[in-house]
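Visitor: Okay, here's what each chain looks like letter by letter:
Number of protein chains: 2
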Amino acid sequence: MNRDSRTVPSRYPKRAHEDAATIYPILDEALFCTMSFVWEGRVRSIPQSVVRMDNAVYFHASVGSHFFRSLAQLDEVCITVTLADDIVVAKTAFNHSINYRSVVMWGKPEVVEDYNEKYAAFKTLTEKMVPGSWDYLLPMTDKQMAKTMAIKVPITEASAKVRQGPPSDVESTEPIWTGLIPIKPLKGEPIPGPDAVGIALPEHLR
Amino acid sequence: MNRDSRTVPSRYPKRAHEDAATIYPILDEALFCTMSFVWEGRVRSIPQSVVRMDNAVYFHASVGSHFFRSLAQLDEVCITVTLADDIVVAKTAFNHSINYRSVVMWGKPEVVEDYNEKYAAFKTLTEKMVPGSWDYLLPMTDKQMAKTMAIKVPITEASAKVRQGPPSDVESTEPIWTGLIPIKPLKGEPIPGPDAVGIALPEHLR
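Protein chains in written order, with our numbering: chain A, 1 to 206; chain B, 1 to 206.
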């Protein structure tokens with residue numbers, strides 16, 4: 001992936017990575033990204049659900065979304081995901097940190113016109129949200145496909161930044177506890193909705 | 001807070017909020033934000049730890065950070081936080097959703113010159129990361145204060161968007177399970193670092 005002054009951090013350059021083997025798994029773990037762009041000369045950002053296939057990320061919206069239609073007119077958007085893993089507890093507030101994995105990427109949005117690619121993006125997003133669920137759900141209808149717009153952003157420039165491991169301060173021998181507090185999200189027990197009365201929890205959600 | 005075309009979503013306007021009572025708790029729960037801005041005509045975004053005090057958010061970096069010094073020259077930055085609460089499981093992939101709380105805000109960054117305000121921002125961030133820890137840690141030194149730069153972004157324009165509750169599809173009476181899968185991060189058991197051997201876990205971490 002291309003590397004320029006935007007993807008080379010000035011601080012902690014050793015935390016930076018630009019290989020797909022680092023970048024793709026971070027994009028694949030993140031349910032949300034922030035999409036940012038310049039609109040009428042000013043910066044705007046919106047949170048979006050995100051899914052990656054090959055070297056592009058995909059977004060879905062209603063075909064009624066004027067905003068999404070406008071996106072495809074932009075020369076580029078900047079997409080950021082951040083996964084927080086641990087709070088890094090040091091002896092000093094100064095050396096506290098967070099273990100995280102983040103990606104910043106740029107690309108030009110385009111509307112996905114191909115039916116199969118759009119269908120695959122929908123399926124991949126659904127399986128990302130609830131693994132194993134696609135075949136259990138009611139099948140996607142042509143009407144639903146027609147109501148949905150997919151936007152694709154090829155990953156033309158990207159870098160990841162990763163901090164992992166224990167705190168780094170060794171400034172004191174005082175007996176102060178240091179270590180990690182995990183904050184990585186874990187899926188909780190499924191909570192049945194009002195329509196799920198008397199319906200067994202499917203295998204893939206157990 | 002000011003409301004203009006940037007903060008009024010074109011889709012699902014009933015999910016939008018612009019009152020401090022909704023916006024502040026979301027900012028206060030989020031450890032990370034994405035800060036976006038226009039740099040040499042192009043959009044850039046970076047993940048940042050964030051803390052709010054009164055009607056502003058604060059960021060910390062080394063005084064050696066050229067990037068942070070440059071930030072204070074910008075007319076505005078856009079800051080986004082997103083808290084994911086649940087995956088919303090519907091009968092159709094089409095109606096799957098995510099329960100989330102997000103904030104988008106804009107403001108002009110400024111360097112915090114006041115010692116007490118900078119100290120307070122440091123303390124508030126530390127207490128946000130590890131509640132109850134400030135008085136347990138080694139005290140912040142003047143040297144550490146001098147090595148740290150704080151940037152403040154007053155919240156001049158902001159809106160929150162919130163989706164909560166069960167799935168909304170009622171398209172079918174098929175016995176397909178619907179409901180919520182919680183994904184809200186919960187703090188895990190603290191993991192001692194290499195320097196914590198023989199040091200008791202402090203009360204505030206239990």
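Derived by calculation from the structure, the hints in this document are not laboratory data. Using N, Cα and C, we set each Cβ at its ideal position, and we do this for glycine too. One or more of the hints may lead you astray.
With a Cα cut of at most 25 Å, we get these calculated DSS-like pairs of lysine-lysine [stated by the list, open to error]: (1) A:187 / B:147; (2) A:187 / B:143; (3) A:123 / A:108; (4) A:128 / A:143.
Negatives, chain A to chain B, calculated, CB over 10 Å [to be verified]: (5) 16; (6) 18; (7) 20; (8) 21; (9) 25; (10) 28; (11) 111; (12) 118; (13) 174; (14) 202.
Visitor: Each hint needs a verdict: does it hold in this structure or not?
Guide: To see whether the hints hold, each was checked on the structure:
Taking the CA atoms of residue 187 of chain A and residue 147 of chain B, the gap is about 39 Å. The hint is violated against a cut of 25 Å. The straight-line distance between the Cα atoms of residue 187 of chain A and residue 143 of chain B is roughly 42 Å, outside the 25 Å bound, and the hint therefore fails. For a cut-off of 25 Å, the pair hint linking residue 123 of chain A to residue 108 of chain A stands: about 23 Å separates their Cα positions. Of the pairs offered as hints, the one joining residue 128 of chain A and residue 143 of chain A holds, with about 23 Å between alpha carbons and a cut-off of 25 Å not exceeded.
The Cβ of residue 16 of chain A sits about 12 Å from the closest Cβ of chain B, beyond the 10 Å cut-off, so the non-interface label holds. Against chain B, the non-interface label of residue 18 of chain A holds: every CB pair exceeds 10 Å, the least being about 16 Å. Distance to chain B confirms residue 20 of chain A as a non-interface residue, since its nearest Cβ pair spans about 20 Å, more than 10 Å. Every CB of chain B is more than 10 Å from the CB of residue 21 of chain A (nearest about 20 Å), matching its label as outside the interface.
For residue 25 of chain A, the condition that its CB be more than 10 Å from all CB atoms of chain B holds, with the nearest at approximately 17 Å. At the 10 Å boundary, the C-beta of residue 28 of chain A stays outside the reach of chain B, the nearest C-beta of that chain being 15 Å off. Look at residue 111 of chain A: its CB is around 17 Å from the nearest CB on chain B, clear of 10 Å, so calling it non-interface holds up. Residue-level check passed: residue 118 of chain A sits 12 Å from the nearest beta carbon of chain B, beyond 10 Å.
For residue 174 of chain A, the condition that its CB be more than 10 Å from all CB atoms of chain B is violated, with the nearest at approximately 6 Å. For residue 202 of chain A, the condition that its CB be more than 10 Å from all CB atoms of chain B is violated, with the nearest at approximately 5 Å.
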